[in-house]
Amino acid sequence: MSRPRIRLEDSEDSGLLQHAGEEVMERGKKMWTGFTDWALQDNILEVAVGLIIAAAFTSVVTSFVSDILLPPLSLLPFINRNLDEKFAILRRGPGYNQTDGIGYNTLQQAAEDGAVVLAYGAFFNKMLNLFGVGMALYIIATIYDSMSTESIIKTTVKCRYCKKRISGKAQRCINCTSWQDGREDKIGDRNGDRMGDAM
Numbered sequence: 670m671s672r673p674r675i676r677l678e679d680s681e682d683s684g685l686l687q688h689a690g691e692e693v694m695e696r697g698k699k700m701w702t703g704f705t706d707w708a709l710q711d712n713i714l715e716v717a718v719g720l721i722i723a724a725a726f727t728s729v730v731t732s733f734v735s736d737i738l739l740p741p742l743s744l745l746p747f748i749n750r751n752l753d754e755k756f757a758i759l760r761r762g763p764g765y766n767q768t769d770g771i772g773y774n775t776l777q778q779a780a781e782d783g784a785v786v787l788a789y790g791a792f793f794n795k796m797l798n799l800f801g802v803g804m805a806l807y808i809i810a811t812i813y814d815s816m817s818t819e820s821i822i823k824t825t826v827k828c829r830y831c832k833k834r835i836s837g838k839a840q841r842c843i844n845c846t847s848w849q850d851g852r853e854d855k856i857g858d859r860n861g862d863r864m865g866d867a868m
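Following our numbering, the numbering of the sequence shown begins with 670 at its first residue and continues without gaps.
Honestly, the hints are just simulated from the structure, not real lab data. Beta carbons: idealized from backbone N, C-alpha and C, even for Gly. One or more of the hints may lead you astray.
[What the hints assert, rightly or not] Using 16 Å as the maximum straight-line C-alpha spacing, the simulated EDC-like pairs for lysine to aspartate or glutamate come out as follows: (1) K838 to E819; (2) K795 to D753; (3) K832 to E819; (4) K795 to D850; (5) K833 to E819; (6) K855 to E819; (7) K795 to D736; (8) K838 to D850.
[What the hints assert, rightly or not] Simulated DEER-style distance windows between Cβ atoms: (9) Q777 to W707: 31 to 37 Å; (10) I822 to A791: 29 to 35 Å; (11) D736 to Y789: 45 to 51 Å; (12) L744 to L787: 20 to 26 Å; (13) G684 to V716: 44 to 50 Å; (14) V716 to E691: 33 to 39 Å; (15) T731 to I821: 41 to 47 Å; (16) T775 to L742: 41 to 47 Å; (17) R852 to D814: 48 to 54 Å; (18) L685 to I821: 56 to 62 Å; (19) R852 to D736: 54 to 60 Å; (20) G703 to A791: 57 to 63 Å; (21) Q777 to I821: 23 to 29 Å.
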């Protein structure tokens, strides 16, 4: 037995289905337009480019620290070339003396044996990387400042009244709203004179 075929043109609901399809298409287009407007904004693209450049810059600075900065530092008696492998044993694992009678040669050996270690070498290496990245960024910002009219290194000063840091160009403190040119002292002196006259 074959089922009878229902054609949409003959159906009473064909207008409703067509309207629903158009509405779905309209919402899809609106969603796509909204997404492209959001994704292609100038600041989104700037952030994306900045993140990509930052990732490349981080690898360059990491290479600078590990390949150029650390080798001369490895001549110091307490640092060597394999700074990442420096560790102190806090609790020995079960196979501590079975490795040539000298303990663990590498951090991986200690971890595989279940020892509790203080991996200070990796921490120092990351601190050197942070210092290297910070110094490199500061040097780049200084070079940019010398070539550009707009400064990216903002100087700050302490407010004379609330002692919080504010921009060096500020005329009023953003925290306590006092004037930085000495008006507060002049107003205070005038009020003091008036108070003295009243007494």
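Structure-based check of all given hints:
1. K838 to E819: 13 Å, holds
2. K795 to D753: 9 Å, holds
3. K832 to E819: 27 Å, violated
4. K795 to D850: Given pair K795, D850 is violated - Cα atoms ~44 Å apart, limit 16 Å.
5. K833 to E819: With Cα atoms ~25 Å apart, K833 and E819 exceed 16 Å; violated.
6. K855 to E819: Answer violated: K855 to E819 is near 34 Å, above 16 Å.
7. K795 to D736: 14 Å, holds
8. K838 to D850: Holds, at about 11 Å.
9. Q777 to W707: 31 to 37 Å: 45 Å, violated
10. I822 to A791: 29 to 35 Å: With a Cβ separation near 32 Å, I822 and A791 satisfy 29 to 35 Å, so the hint holds.
11. D736 to Y789: 45 to 51 Å: 21 Å, violated
12. L744 to L787: 20 to 26 Å: 24 Å, holds
13. G684 to V716: 44 to 50 Å: 47 Å, holds
14. V716 to E691: 33 to 39 Å: Between V716 and E691, where Cβ atoms are some 37 Å apart, the hint holds.
15. T731 to I821: 41 to 47 Å: 23 Å, violated
16. T775 to L742: 41 to 47 Å: 21 Å, violated
17. R852 to D814: 48 to 54 Å: 31 Å, violated
18. L685 to I821: 56 to 62 Å: Between L685 and I821, where Cβ atoms are some 60 Å apart, the hint holds.
19. R852 to D736: 54 to 60 Å: 56 Å, holds
20. G703 to A791: 57 to 63 Å: Because 45 Å falls outside the window, the suggested range is violated.
21. Q777 to I821: 23 to 29 Å: 43 Å, violated
Violated hints, listed in ascending order, are 3, 4, 5, 6, 9, 11, 15, 16, 17, 20 and 21; each of the other numbered hints is respected by the structure.
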